[in-house]
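A.B. asks: Produce the complete structure using the sequences and hints provided.
Here are the chains, one letter per residue:
2 protein chains.
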Amino acid sequence: MTPALEKLVAHFASLPAIGRKSATRLAYHVLEMDDDAVRAFAESLLEVKQATRLCTVCQCYSEAEVCHYCADGTRDAGLLMCVEDNRALEAIEALHEYRGRYHVLHGVISPIDGIGPEQLKIKELLARLDGSVREVIIATNPSVEGEATAMYLGRLLKPLGVKVTRLAYGLPVGGTLEYADNTTLLKAIEGRTEV
Amino acid sequence: MTPALEKLVAHFASLPAIGRKSATRLAYHVLEMDDDAVRAFAESLLEVKQATRLCTVCQCYSEAEVCHYCADGTRDAGLLMCVEDNRALEAIEALHEYRGRYHVLHGVISPIDGIGPEQLKIKELLARLDGSVREVIIATNPSVEGEATAMYLGRLLKPLGVKVTRLAYGLPVGGTLEYADNTTLLKAIEGRTEV
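Going down the list, the sequences are from chains V and U. Note that my numbering has the first sequence beginning at 44, numbered continuously upward. Note that my numbering has the second sequence beginning at 44, numbered continuously upward.
The set of hints was computed from the structure by calculation and includes no laboratory data. A portion of the hints provided could be inaccurate.
Intra- or inter-copy, both count: the list cannot distinguish identical chains.
[What the hints assert, rightly or not] Mimicking DMTMM-like on lysine to aspartate or glutamate, the simulated pairs with C-alpha atoms at most 25 Å apart in a straight line are:
(1) Lys64 - Asp128
(2) Lys206 - Glu237
(3) Lys92 - Asp78
(4) Lys92 - Asp77
(5) Lys201 - Glu188
(6) Lys166 - Glu75
(7) Lys64 - Asp173
(8) Lys50 - Asp79
Keep in mind it's a predicted model, so treat the numbers as computed, not measured.
C.D. replies: Take a look at the structure:
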């Protein structure tokens, strides 16, 4: 393999979930692409970094100073959904059901990775709780870290007089009891609702 | 998602074996990379195209006019292994056993994709058969197209008085008869060797 190819393989392999074999395949694919397509790809990499910043209100990735969710006057400003990252925000948006605002934490508390509350956008969240927000929905992932972050935020926000809720745990729709893991099943029993 | 992100997602998704979900994950990862790392990645994409050409002898990817396999005087110039692409060449090289030369076809005959012999580096292969080559090993993949290409090359090269061989089919080492597919099993019986 040529030095330039080796270098490109290393770049691809440094991306998440791309091993050396896939990286090699991708690098060879680049070699077979048109010059123009490769140039456009390279420019797109640079452009995404230059054009993207954090919304000064909700901290989501945005090209404008204030993102279009925060700028949208028809969305309920009294309802904030706290998500770990932009991908979670987009999963919620794709439902076309939620009409409140967001707050992107950019991570979760994870002592093992050296990530404490001060590395997350919590200061920015507190700054938004000026009395206009009546409910914060904590929508961190159903992982140990997501749960710890939800607990931390609950303890932090409740004394401020804001309602704090958490997305429901339970059986995934379409699943079967037989294949549900024990924790999910216990959570589904705990959280049972009246028919 | 911002327009710049959408564009980068589309670029990643155009690569082989990367779906939209993975492409989105990669694009967000790029946003979280250092500026310098992203710049190096973009430059590496451009560099690989600029620095790489085809070896004028064996047609493998090379930075020099003649690649280091062809320039290596200790390799047997009488033995040519024909491979589909550079990845196959590297798989053979990784064995550290083969000491002949290579010829990279850059594809296989595939009428369904509109690829005929004239799109492959066969003219360049014929030009190398000046009497100094005693054996051509056809090492195309064990696929329908690889097989058809091997047959085509066999018919083309044999009349030129060169020995033409094909990699052996048989049971993969470490496999079990039980899990071998019928074609492989039949080939293993056909190609049985004396103990």
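A.B. asks: Given identical chains, is Lys64 near Asp128, meaning Cα to Cα at most 25 Å, within a copy, between copies, both, or neither?
C.D. replies: between (29 Å within a copy, 15 Å between copies)
A.B. asks: Are the CA atoms of Lys201 and Glu188 at most 25 Å apart within a copy, between copies, both, or neither?
C.D. replies: Within one copy only: 20 Å inside a chain, 66 Å across chains, cut-off 25 Å.
A.B. asks: Checking Lys50 and Asp79: alpha-carbon separation at most 25 Å within a copy, between copies, both or neither?
C.D. replies: Both. Shortest intra-copy (20 Å) and inter-copy (15 Å) distances satisfy the 25 Å Cα cut-off.
A.B. asks: With 25 Å as the alpha-carbon cut-off, assign the pair Lys92 and Asp78 to within, between, both or neither.
C.D. replies: both (22 Å within a copy, 7 Å between copies)
A.B. asks: Up to 25 Å between alpha-carbons, please classify Lys206 paired with Glu237: within, between, both or neither.
C.D. replies: Classified as within; 23 Å inside a copy, 80 Å across copies.
A.B. asks: Could you figure out if Lys92 and Asp77 sit no more than 25 Å apart (CA to CA) within one copy, between two copies, both or neither?
C.D. replies: For Lys92 and Asp77, the Cα distance is within 25 Å both inside one copy (24 Å) and across copies (9 Å).
A.B. asks: At 25 Å max between alpha carbons, let me know whether Lys64 reaches Asp173 within a copy, between copies, both or neither.
C.D. replies: neither (52 Å within a copy, 37 Å between copies)
A.B. asks: When no copy is specified for Lys166 and Glu75, does a C-alpha distance of 25 Å or less occur within a copy, between copies, both, or neither?
C.D. replies: Between copies only: 20 Å across chains, 48 Å inside a chain, cut-off 25 Å.
Comparing the model with each numbered hint stated earlier shows that hint 7 is the single one that does not hold.
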